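Working from the sequences, and respecting the hints, build out all of it.
Protein chains in written order, with the numbering used here: chain A, 1 to 258; chain B, 1001 to 1258.
If you are wondering where the hints come from, they were derived from the structure by calculation, not from laboratory data.
Note that this is a predicted model, so its numbers are computed, not measured.
Idealized CB from N, CA, C, for every residue including glycine.
Keep in mind that a hint or two might mislead.
To be verified - Here are the computed distance ranges between Cβ atoms for each label pair:
1. C1258(B) x C172(A): 29 to 37 Å
2. T1256(B) x G53(A): 31 to 39 Å
3. P228(A) x N1179(B): 24 to 32 Å
4. G53(A) x G1254(B): 57 to 65 Å
Unchecked claim - Here are a few chain B residues that sit away from chain A, every Cβ distance over 12 Å (derived from the structure):
5. T1003
6. E1047
7. T1120
8. K1131
9. A1218
10. T1241
11. R1252
2 protein chains.
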Amino acid sequence: MQTLSRREKSLLCALLTRGGRKRSNCCRCEGLRAVREMLAERPDLIEFTVGTGRGLASLGGVEPPDFRLVSEEEFSQFSATVNHQGILAVGRIPDFAETPPQGDFIFALDGVADPGNFGTISRTFRAIGGKDVWYTEGSIDPWGDKAIRSGLGAQFSLRFRRFATLESLADCAKSFGFNTLFVADPHDGEVCFDCDDLFRKTVLVIGGEANGASAPPAGSRRVIIPMPGDYESLNAAQAATVILLEYVRRTRKGGTGC
Amino acid sequence: MQTLSRREKSLLCALLTRGGRKRSNCCRCEGLRAVREMLAERPDLIEFTVGTGRGLASLGGVEPPDFRLVSEEEFSQFSATVNHQGILAVGRIPDFAETPPQGDFIFALDGVADPGNFGTISRTFRAIGGKDVWYTEGSIDPWGDKAIRSGLGAQFSLRFRRFATLESLADCAKSFGFNTLFVADPHDGEVCFDCDDLFRKTVLVIGGEANGASAPPAGSRRVIIPMPGDYESLNAAQAATVILLEYVRRTRKGGTGC
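Pasting the structure below:
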């Protein structure tokens, strides 16, 4: 075991900014569940781990690689949370720029600017066994500290790709044979429960705004979650949950298929 | 227009506590969307409204009853939020203790202790046209300030009833002919998409804990949301969304029925 070097201390701070993550191509993964997920899914990415005695003990015997032991007080100085769990990993951000998407659909987030929402959506997508999450520049960085904490490290099981616009995202998807873009719309569209094509080599777009996605490209189809209460639409995380579980409903054993 | 009396000022403060709400049988409804909902759904409950010039203007010409105009600074003193919208209503808490439940199922919350989650779930239930929300003592007070803000005032369209235990809740439901209790369980149970009886004069229980509801009464049935990713369960608000939208799926025009 070692203590933190000066370089590592300054890196921990820099990784709280987008610029710092870009320069180092690393991210911070803080908290017990997120670190556990990273250790289980992508230990190869880890540069070093930091924790207190308490944090180390909470891992239940798992030996984190390149571990630096620090005091509770020292940990508080670089923790991003008020009640920290005393465990954190620093790792490289994986690059899936050239990886062809797998599965029945690409899940796309457009303008999801809240890291808590982005994290929750990532967790749900991970929980249903999804892989490819593509997003546009208006969304927050999935490798930010808060997004990783909210996502409980689901990021390390997913393949993220970033695009300047929904149009360039759609073009890239087409080049892999994912030809139809469905955009969740709070006001109008085909009913998500009835649309047979929804998961047939498609792109499913969830927008972060009350009005749905920013500017759906020409030829895209709108899909709506019906709300009989005539009241208001679901937020982005809830809308994502409904559509992702509709996929589960169709593809599970005994389901009606995609 | 008047300014706030001393009694009203002290009531605004007292209503932030459960004891204060119990003594006065009133609640605070703060923020533009929540106040709009209260004005539209239950103006009869309103005791008085308070706002700044800006807050009043944001109502777009709607005249709030018994309005007290205050300065931005004065509003900040009793607002429960950092960036307040300058509009608030105080109203009586409606009592549905003797009202028979309507609809196909009673929606029950057991131990949902987070006001944000409780509020979000209330909004979703309101959005699908639901009415009866029953809850147990381990849950937070739906008439608390934060629950009303998170619910955007959905409370004023719902009928809440509080029970000491899930057992007493189930007994009361039975007396109205709602005989079967379904408890959402993160680990095991009948699959929510396949269970034909789910909305046939039933009670649907969502628990706030990771292990689901506290102590399901004898004879209750467990229902699970399938998660193929073998990862973790959805949080209470997401689980509620999936099950409520499954109800919409079955009962909409062209659905398969309850």
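Each hint, compared with the structure:
1. C1258(B) x C172(A): 29 to 37 Å: Since the Cβ atoms of C1258(B) and C172(A) sit about 43 Å apart, the hinted range of 29 to 37 Å is violated.
2. T1256(B) x G53(A): 31 to 39 Å: 56 Å, violated
3. P228(A) x N1179(B): 24 to 32 Å: Roughly 25 Å apart at Cβ, these two residues keep to the hinted range, so it holds.
4. G53(A) x G1254(B): 57 to 65 Å: Holds, since G53(A) and G1254(B) (Cβ atoms, about 60 Å apart) stay within the stated range.
5. T1003: At roughly 33 Å from the nearest Cβ of chain A, T1003(B) sits farther out than 12 Å, so the non-interface label holds.
6. E1047: Answer for E1047(B): holds, closest chain A Cβ roughly 25 Å.
7. T1120: 8 Å, violated
8. K1131: For K1131(B), whose nearest Cβ neighbour in chain A is about 10 Å away, the distance does not exceed 12 Å, so it is violated.
9. A1218: 29 Å, holds
10. T1241: 5 Å, violated
11. R1252: 6 Å, violated
Checked against the numbered hints above, the structure violates hints 1, 2, 7, 8, 10 and 11; every other hint is satisfied.
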